[in-house]
Structure formats: structure tokens, C-alpha cells
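Asker: Chain residues, written in single-letter form:
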Amino acid sequence: MNALVVSGLQKRFGGVMAVAGISFAVAPGEMLALIGPNGAGKSTCFNMLNGQLRPDGGRVMLAGRDITGLAPRRVFRLGVGRTFQITATFASMTVRENVQMALLSHAGEIRRFWRPAAAMHAAEAQALLARVGMDGQAHRAAGVLAYGDLKRLELAVALAHAPRLLLMDEPTAGMAPAERVALMRLARDLATTGGLAVLFTEHDMDVVFDVADRILVLARGELIAEGDAAAIRADTRVRQVYLGSGVTTGGH
Amino acid sequence: MNFLLLQALTGLAAASSLFLVSAGLTVIFGVTRVVNFAHGSLYLLGAYIGWSILTRLPTDPGWFVLGILLAGAATALLGLVLETTLLRRIYRAPELLQLLATFGVVLMVQDIALKIWGAQDLALPRPRWLRASVILLGERFPQFDLALIAIGPLVLLLLWLLFTRTRWGTLVRAATQDRDMVAALGVDQRMLFTSVFALGAALAGIGGALALPDGSANLQMDLSIITDAFVVVVVGGLGSLPGAFLASLLIGLLQAFGIVLIPGATSILVFAVMAVVLVLRPHGLLGRAQPVSRAEAPPSVVRAAPASLRWAGVAALALAIAAPLVVGPFALSVLTEMAVAVLFAASLHFMMGPGGMPSFGHAAWFGIGAYTAALAAKSLALPMPAGMLLAPIVAGTVALLFGWFVVRLSGVYLAMLTLAFAQIVWAVAFQSTGLTGGDNGVLGVWPAAWAADPRVFYWLALAVCLGATLALRRVLGSPFGYALRATRDSPLRAAAIGLDDGAIRLAAFAVAGACAGLSGGIAAYSKGSVFPSFIAIGHSVDALLMVLLGGVGTLAGPVIGALAYTGLYDALLLATDLWRFALGAIIVVLVLAFPDGIAGTAQRLWLRGREA
Ligand SMILES: Nc1ncnc2c1ncn2[C@@H]1O[C@H](COP(=O)(O)OP(=O)(O)OP(=O)(O)O)[C@@H](O)[C@H]1O
Ligand SMILES: [Mg+2]
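Top line first, the protein sequences correspond to chains A and B. All the letters of the first sequence, read from the start, carry residue numbers 1215 to 1466 under the working numbering. All the letters of the second sequence, read from the start, carry residue numbers 68 to 679 under the working numbering.
Hints are computed from structural coordinates only; laboratory data are not their basis. The beta-carbon is built from N, C-alpha and C at its ideal position, and this holds for glycine as well. Warning: the hint list may mix true and false statements.
Short derived list, chain B residues pointing at chain A, Cβ under 10 Å [stated by the list, open to error]:
no.: 1; residue: R541
no.: 2; residue: G548
no.: 3; residue: A550
Make the full structure from the sequences, and use the hints.
Answerer: Here you go:
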């Protein structure tokens, strides 16, 4: 069964049709890239998938279950992890505490009022940080991290509850090219060995063509192309959209 | 039918007065983003200055109008001084510090007015034309109130013309929508802000002077009008002039008919309407979500206290325990007061610091706890421990119910709703004379025989208050405490990792209410009596001052703040009869000099170069 099936998903902001009724599916172990120029509707789509925005139309099915319009915290419980385009972390906590927070929530231990949290799930959190290469900075304040490190921390947080679906909105922004590849290889590895379904957006086409199994191209809220790297490279409409906006490779 | 009409007219007259004051407040907020507590003081000064002018002028209507306008000009001038000396320096400060600084001004003005005009209420001798009535549908209606009714829409019209037909007005509207854009246009912001503030001050002053014929100039009018004006501005939507007009009508009529429908409980009606409006429209009737233009400093990371601080704490505790063996009865009563203050401040810090919910009405919970304990002793004849146990239970339960409205709001709206709620609790305590004794309070709440010795009671208070404070601290280090901070730091991330932010905030609100209630219960037995003043705005501000004085960002802050503030307060009371003025001045200076509080400043110095 598909991990995620989206059908006819739609969202409008006033006069702007941000997402115009798109349909696609992600299989377990698959890495699906959602690309498109600025303002294409990628983040809006992500926000509807994890419940942050209520769609105006369409359905979101997670492993066969309808999760359309469910609150983000419920979507999390059903096994969806996400990172944000503009990173969202807990600035008054250390890097490790950020991850512990997700572990505590997953373990249903938030209602504990007495036991000190600092020691709970510490080793587990440290292991997650090691996976994204952040274990050396475990005790730094999250508020003072470099942008690329924040992105890495977000990934560790998103992986804390061993999700079945991972949504990553521009996970490598602010990183050096070598770091980008390393991070995406990690996601690739999780998908291949652990059966994690990954949906991500990315402006760096080298990264996209390197790791994605399949690519969706979104422009002005509409899906204009779908296929593997070779097919997308060859697609004339995609070329048009990208040449039109002047982006072919690299970040912004 | 006629009666209803008269009541409606009375309501409209009240709405006009309310609008004059609220219009100034909301315009000032729209442009400067400062919630100006001192607006009530300008209203008060308008009344007193108006009295001084009008009693020296001939009493014809023409001179009367001139006198009112002169009072408005005088307050405009005072507003100008206030803006250039104080407000200008705090535009970039956090909201709560702005509220506090302007409250400092309120305290200073109270003493200044007392010195100049004395403690008596000053009524205006009313010439015949002011006392005249007209006959409407066979009923007499004061002519002056009829004029008031016309003034509201007239002022709205004038302001509307000013804001739409002049270049200055266009700039003000632009600044209300987007401050940074106006700055980018190269407009002299300082002049714009100063002139807006002066205009708002003039409106407040005229409002105050116009209150003279139907009332008097008195020293309580600043806080009573500011609460109403806050309600109007919040219900209408911060910064919205038409919103303020609508809300003035709503509140004015509500008060007029409320007096008939449920005498003595109009404030509850007003509060209920405010709560409903804010639940349906979290930014008021015509308000919009405010663009966040003030860059708040990110919260600094919370770490375990350094060992030296822990030892200092242990040493202070040892001293506190040993104190009764050496100090006299007066010092002992101050120490008991300090123990109570520490828990009161810690409970506010719990919701305001880690919880990010600033309350301007924390005294409500303290008061509910105190009255619960007192009434348990006097009306139910329960033993002391039962009263002390009931205090947090009742306060926590009420907080749980009321919190349902509160936790969905944020920032100024949240602070104002808590303030309004505290005013209701105050009104209930003040008006239910049968149960609470009204202004006379509940007297004779004495500790049990085994705790009658002041030293024993002090040790008990110390154990309970410090125990509860340490428990709060422990909770902040628990998964729940972390989750609470998580919802404050990033609601988006908190939701994405499965945290239920409403439930977490509500639980924190109830815990804070229960702990404040406990401190109130102890205070009831330590003072032996309970008065409505326990719930007054001033007492809520005490708690805020303690927390902000100590520093919101640290766990030791509220404790240090409570000790410093209580000490300062008692010292001032002893040293000078101008203690309000002195306290207000100290608040203003502290806000200007140490925006992070004592503990926050110490922490910054300590961390300098260490955090990387
Ligand atoms: N909350 C909102 N209110 C109004 N319009 C919005 C909102 N969020 C997004 N939009 C609009 O919807 C469209 C899609 O925005 P979205 O952020 O989804 O694009 P994107 O593909 O993620 O772009 P980028 O690559 O820049 O991140 C844009 O036109 C944007 O202006
Ligand atoms: Mg985006």
C-alpha cells in the first residue's frame, strides 16, 4: 500500500490559487521530490499534508487512512515527521533537549510533572543527533546555531518518532554543497533500508537529480510534469518554467 | 417603553465619554504600539485641571466650552512632555515593560495630584443651565447628557476628517498599518509620534473635564476609566478608531441596561461580552492581526544554576529559618510577607516566563485564595489547615474554567482579558457585602492555636511558600515544564511534534492560579483579615513588578524580585508619605536602565563570553 495518497488537493488564498487540485502518491521506501519555482505552492502543499492548513478541497490518505483536516499533533501521532522551510526549533533549549522534547512527546510522557526531563531519553537523543552529524553540538543553545545546523537539528527532531512519512521543506538550504549531498544521502539511506517514505522540496537540482526516485514539478499550483530525472530533464514545459524564472541549478 | 428610551440615552451619553478616552488610547496604540496605562492619568489630570480652570471662569456655556478646551490643551502639553521624556525611550522595549513604565507614571501622577488638589473629591458648582433638563416623551432628561451624546459622533467625524483629509492624518494611518514603511519614506517619525501622543492626551483631558458636571475630580478616576477604556479598545480591536466607537456604544449601553437587569453585577456582563467577542474574534471587532515589527530578543537557553548560586540559595534559606530567633516582631511580619510574595511572584512567573502568558490580573487568584481561606474560617468554621488547602483548590478550579477563554489569546489581548477578569473578581468582593463584608473586608481570620505564635506561623508560611515555589521550579524541569516552554518558543514546532498547546497552556494557567491562591490563603491568616484591595490592579502590578524586577528569563528571578520589591516597598512606606511617587519613579528608572531585570542582568554579565 502507498504510504501517502493525495487526490485533488486544493488551496486558495483570496484570489491566489496556491495549490490547484493536485494528485500524487508516495510509496514506502520512495524518495519523491516536489520541485517548482518560488511561489509554486510547495510549502502550501506540505502545510496541508501535516494539517497546519485546512485544504479547500481534496483528500489526504496516510497508509489508507483519511487524515484530511486533522490537527498537526494528530498527524504526528500517525507517523508523520516534518521540517520547515523557515526552521522552527525551541530557542530556549539546547540542541539535545530539542530532540528529547520530540521523544518525550512520542513516548506520551508530557503529562509527567515531577521527574526531571533532562535525563530522559538522553542517550536516544544523542544517537539521533549523531545520525545527522550534530552530536558534537548537543549542549549548545539551539538559538545560536548556524542555519545549516538548524536544518540538521530539525531533521533529527523529525526522525525522533521513527515516522513512516517524512516531509522536508528545503532541508539543505544554508548548507555547503558537500553537506547537502551527505544529508540527502542519509535520507536516502533511511528510505532504502527502513522503508521510510520521503517527500521533499529542494531548489538545488543537483541534489534532486542525485537522490530522488521520482520528481513532481509544480508551477502556479498545478502539477506540470512527473517522472524520473531523465524525463524531467527532457521535459520542455519544465524547461520553460525554469528558464522563465532563471533558475536551473544551485540554491538561491 | 419610555424608561427603556431614557436608559438607552443614558447609555449613549456614557458611550460618548468612553469613546473620547478610548479614541486617544487606540490611536496612540495604533501608531506607537504602546499600551499606555498613563492614559488614565491624563484623564484624571484633565478633570483636575478642568476644575481649576472652570471654577475661576464665569459660568456661562461659552466660558464652559472654552474651559474644557483649555483643559484639553493643558493635557496635550503634559502628554508632549511625557512622550518626549519617557515613552520615546521605550518604543522598542517589550510590551510588558512599556505597560509597567506607564504604570509607574500612574503612581507618580496620583501623588502629584494629591499634593496639588488634596484628597477630597472636587465637584463643580453647577449653574442652572448645567442642571437643566428637557422633557422627552414625558420624562426629564439632563440637557448636558444630550450634549454629550452629540459629542461622541462629532469627535469621530472630526477625527475621521483629520485622518483622511490631511497629510498628517494620512501619515498616521500609514504608520498604523506599517511603521517601518513610514520610516522608509523618510518621514520624521519622532514628530509624528509626539503629535499623535499629544492629540490622544488632549482627548483624554477633554474626556476628564467633561466628566466634571455629572461627577467630580477624584483620585480613583484614573484606574477606573483606564479599565473601561482598555475593555473598549480591546473589544473594538487595538488601533481601530471605528472599532473603538462601536465598542464604546456596546459597553456604554450594556452598562446602562446592566444596572437595571442585574444591579451590582454590570462588570460581569461587560466581561462576559468581552470574553465572547475575543473568543469569536481574537483581535477584537474591527482589529487585525498585528504585524510583528518589534524584533523580540530570542529567549536565552535555560540551564542549571551555577553551583555558587545554589550555595547562596542554601545560605539564604538557613538565614531565613534562623531569623525568628534574633529579629523582632515587625521584621518577622515583613519576613512572612516576603515568603508569601515569593510564591505569589513565582506563580506568575510560571505562566508568564516559561508559559509566555503575561497576566495583568494575577491578584485575582491571590484574592480568591485569600477570600476562600477567610470565608472557610468565618462562615464555615473550618480549621486553618482546611482553609489553606481549599484556597489553592478553589483558585485553581476557577482558573481552569476562566483559562479556557484566556489560553487562546496572546500578548496584550491576553493581558487585558486577565485584567478585566481581576476587576470582576474585585467588584464581586466589593459588592457582595453580605458575604465578604464589602469594603470592610473579612476580619478576625486568626491562625490555629498551635500556630498562634508569630514565629511558628512564620515557619509554617516559609515551609509552605518555599515548598510550593520549589515544587513549581521542579515542574519547570519536568517533561511538562519543557513542553510548556516548547509551546512558547515555537507553537509551530510544538504542534508538529504532537504537543497539545491549548491543553498545556491551560494546565499551566490552572497551576499558576492554584499557587497564587495558596499564597493568598497564607496571607489571609498572616494578616488576620482580607480586603478587596488584595485583588486591586495595584496588587496585580506588584506581582508583575516582582517578576520583571527579578527578570523573566531566569528561574531565580521571581524569588530575588519578590524579596527586593517587598523590601523596597516597606522601606518606602516607612521613609516617605510620597511613597507612590517614589515607587513610580523607581519603576520608570528601572525599566529604562535594566530591561532584563536584576537576575537577567546578572545572568548576562555572568554569561558574557561563556555562551557560544
Ligand atoms: N498564508 C498565506 N496567505 C496568503 N497567501 C499565501 C499564504 N501562504 C502562501 N501564499 C501564497 O501562495 C502561493 C504559494 O506559496 P508557497 O509558499 O506554497 O510557495 P513555495 O512553492 O513554497 O515557494 P518557495 O519556493 O518560495 O518556498 C504564493 O503565491 C504565496 O504568496
Ligand atoms: Mg516554500
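Asker: Run the structure past the numbered hints and jot down the numbers of the failing ones, going up.
Answerer: none
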